[in-house]
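Since the structure of chain A is already known, use the hints to place chain B on it.
There are 2 protein chains.
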Amino acid sequence: MKYLVGCDLGGTNIKAGVVDVEAGEVILSKSTPTLARELHDAVMARMADLINEVIGESGVDPELVLGIGVSAPGELDMENGLTLFLPNLPGQWHNVPLRDTLSKACGDRPVSMLNDVRAITLGEYTFGVGRGVDNMACYAIGTGIGGGIVVHGKLVLGIGGTGGELGHQTIDFNGPRCGCGNYGCVEAYASAPAIASMGVKAVQQGLTTKIAELCDYDLNKITPKLIAEAAEMGDEIANEIYRDAGEAIGTGIANTMVTISPRKVVLAGGVAAAGELLLAPIRDTIQKRVFIMPAEEVEVVVGELGSDAGILGMAEWASQQLDL
Amino acid sequence: MKYLVGCDLGGTNIKAGVVDVEAGEVILSKSTPTLARELHDAVMARMADLINEVIGESGVDPELVLGIGVSAPGELDMENGLTLFLPNLPGQWHNVPLRDTLSKACGDRPVSMLNDVRAITLGEYTFGVGRGVDNMACYAIGTGIGGGIVVHGKLVLGIGGTGGELGHQTIDFNGPRCGCGNYGCVEAYASAPAIASMGVKAVQQGLTTKIAELCDYDLNKITPKLIAEAAEMGDEIANEIYRDAGEAIGTGIANTMVTISPRKVVLAGGVAAAGELLLAPIRDTIQKRVFIMPAEEVEVVVGELGSDAGILGMAEWASQQLDL
Chain A
975 MKYLVGCDLG GTNIKAGVVD VEAGEVILSK STPTLARELH DAVMARMADL
1025 INEVIGESGV DPELVLGIGV SAPGELDMEN GLTLFLPNLP GQWHNVPLRD
1075 TLSKACGDRP VSMLNDVRAI TLGEYTFGVG RGVDNMACYA IGTGIGGGIV
1125 VHGKLVLGIG GTGGELGHQT IDFNGPRCGC GNYGCVEAYA SAPAIASMGV
1175 KAVQQGLTTK IAELCDYDLN KITPKLIAEA AEMGDEIANE IYRDAGEAIG
1225 TGIANTMVTI SPRKVVLAGG VAAAGELLLA PIRDTIQKRV FIMPAEEVEV
1275 VVGELGSDAG ILGMAEWASQ QLDL
Chain B
975 MKYLVGCDLG GTNIKAGVVD VEAGEVILSK STPTLARELH DAVMARMADL
1025 INEVIGESGV DPELVLGIGV SAPGELDMEN GLTLFLPNLP GQWHNVPLRD
1075 TLSKACGDRP VSMLNDVRAI TLGEYTFGVG RGVDNMACYA IGTGIGGGIV
1125 VHGKLVLGIG GTGGELGHQT IDFNGPRCGC GNYGCVEAYA SAPAIASMGV
1175 KAVQQGLTTK IAELCDYDLN KITPKLIAEA AEMGDEIANE IYRDAGEAIG
1225 TGIANTMVTI SPRKVVLAGG VAAAGELLLA PIRDTIQKRV FIMPAEEVEV
1275 VVGELGSDAG ILGMAEWASQ QLDL
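Sequence order for the protein chains is A and B.
Residue numbering for the first sequence follows our numbering, starting at 975 and increasing by one per position.
Residue numbering for the second sequence follows our numbering, starting at 975 and increasing by one per position.
Everything labelled a hint here was simulated from the structure, so no lab data went into it.
Computed from a prediction, not measured in an experiment: that's the story for all the values here.
Ideal placement from N, C-alpha and C gives every residue a C-beta, glycine not left out.
Watch out, some of these pointers could steer you wrong.
Covered, in the sense of this in silico footprint (three residues per stretch, anywhere, with C-beta under 8 Å from a C-beta of chain B), are these stretches of chain A [claimed, not checked]:
#	region
1	1020-1032
2	1122-1134
3	1141-1154
4	1220-1233
Straight-line distance between alpha carbons at most 20 Å, and here's what the computed DMTMM-like set of lysine to aspartate or glutamate pairs gives [to be verified]:
#	chain 1	residue 1	chain 2	residue 2
5	B	K976	B	E1250
6	B	K1199	B	E1271
7	B	K1128	A	D1108
8	B	K1078	B	E996
9	B	K1128	B	D1297
10	A	K1128	B	D1108
Looking at chain A on its own, in the form it has when it is part of the complex (with noise of 0.2 Å):
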């Protein structure tokens, strides 16, 4: 038996879970708020807290929980085991050996660190939607548009871990500036900022749609989420919205189709639950634009392992980092 604990760092939330690898199984998990006011060394505190409990309350023989892997949301240094920036998080991220204190609050035992999208893309790749095939990539949509692909069966780290950064490809030369710095990226149009500033827009513009009402005319209460509910509604301008938002990640898509010519994409994150709402858009869009490649013989689906994907693709990650 191979227990490894998969740790996911997140903006809202820190989860931490024991996994059965071989059986693809969590054992136990439980989660925290990562909680804006606390600097790095008191989330690291909590997070080695959390590990632990989860270590003690599974059943499982200490002894036999071999390492644990750590997703964060954002940029690493893999080889020194540093955070070098983490967007979303409060709490000053620079340089700080994530990896070498975990370990040490953690029994000693060897921790492995990965950017979180790259962990859903390992978790749905080995666990979920993508078992079996050789090709694969994965985007989550949610604050920023994160990515991971998998080829030769294999997770694609490229330098320093940087492959697969699918929302920051340019899908328009001439377009609107995004938050990494480029311009026309598939973020910039789609991720759940961009697409609740449209939503804004349409109310803000005055336009005729239940946005309106659904958000009692209070422009922070629009989300996504909330533009989904007036689209299910039969709304015109929210399935707009999302004809829109899928289009961008559509073209995003289609841009990765002719790339690694992959047999499945997978859709993460709080947008992608959104569904068929966001999925016919992105298939309408696949169709209009790939000819070079046989469309019609990738999936595109919404990933099967929800909020699990990231723990049981760090235990994975982990085990392989020790070659178990």
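For chain B alone, kept in the frame of chain A given last:
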């Protein structure tokens, strides 16, 4: 010693060479024009003659020539050894059994097929500028813009060998129609015909440019090479044309960089002969667009094998397919 034949069926010439795969050396190569009036049977007969000729004249014991790799510019059914769609070749190439026909005519040697730019990619990766890196991309800029990628040290085929069609990434989702059916592809901006047509337009508009003098006001004479000559004479319009083309190719490369995070990006094909004229705007574009990965660690260079890249790549491919 491992000897294999690499053969390239091109729109202009057929080329074949006997290759010492261990040394990465072309022992002898020859070429013959692809005659526009010939149908596929006649072309295949001449391909076979050329292959048998180079084997005979190479001085290598024919018994030691273990297989043949043949590349073609378009879509292939690699499993069944058929050509499917070769847009730039005359002579009806739909569903033509290229593999078995050549094998029969060339001493029953096993024949492997591959897209022509994937062959160049593998050649540059194995024997050229790509030696020793994990991830690499190749853009071949000619009549169209083809491509190829290597990930985890292995050529990426994807579904039916369609991986690596980097010229058909969308860089402007409202852009002009591309030959493939999509809109706003890199190829629509920066293929040889696209570059030439920018030159034609400049002369037609009566702009003050050396292109007009160099072509003697005969628009049919305007080629990327002629425009490059004008640019090197300091012509501003000609320089602008290469800047525009370089920006489009650079945007495509930027997308490839955030996707596979390669160590090298190789330019090949006739237009790549423009060298710095094209490389400078490509590098500028990358610097303006790529922030999410360490762009400064990626080398963008012209391939070093020139017109031998495809022959070498196909010999290597044949060797890999035979598990030699």
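A quick look at each hint next to the structure:
Given as covered by chain B, the region 1020-1032 of chain A fails the check, having 0 residues with a CB less than 8 Å from a CB of that chain where 3 are the minimum. Given a C-beta distance limit of less than 8 Å, the hint that chain B covers the region 1122-1134 of chain A holds, as 9 residues qualify and 3 suffice. Look at the region 1141-1154 of chain A against chain B: 8 of its residues bring a Cβ nearer than 8 Å to a Cβ of that chain, three or more, so the hint holds. Check on the region 1220-1233 of chain A: 8 of its residues sit with their Cβ under 8 Å from a Cβ of chain B, so the three-residue criterion for coverage holds.
At most 20 Å may separate the alpha-carbon atoms for a hinted pair to count; K976 (chain B) and E1250 (chain B) exceed this at roughly 37 Å. Note on K1199 (chain B) and E1271 (chain B): the hinted pairing is violated, with a Cα-Cα distance of about 30 Å set against a maximum of 20 Å. For the hint linking K1128 (chain B) to D1108 (chain A), the alpha-carbon distance of about 13 Å falls within 20 Å, and the restraint holds. This hinted pair does not check out: K1078 (chain B) and E996 (chain B) have alpha carbons roughly 26 Å apart, beyond 20 Å.
For the suggested pair K1128 (chain B) and D1297 (chain B), the alpha carbons sit about 14 Å apart, so the restraint of at most 20 Å is met. In summary, the hint linking K1128 (chain A) to D1108 (chain B) is supported, as the alpha carbons are separated by about 13 Å, within the 20 Å threshold.
Of the numbered hints stated above, those contradicted by the structure are hints 1, 5, 6, 8, listed in ascending order.
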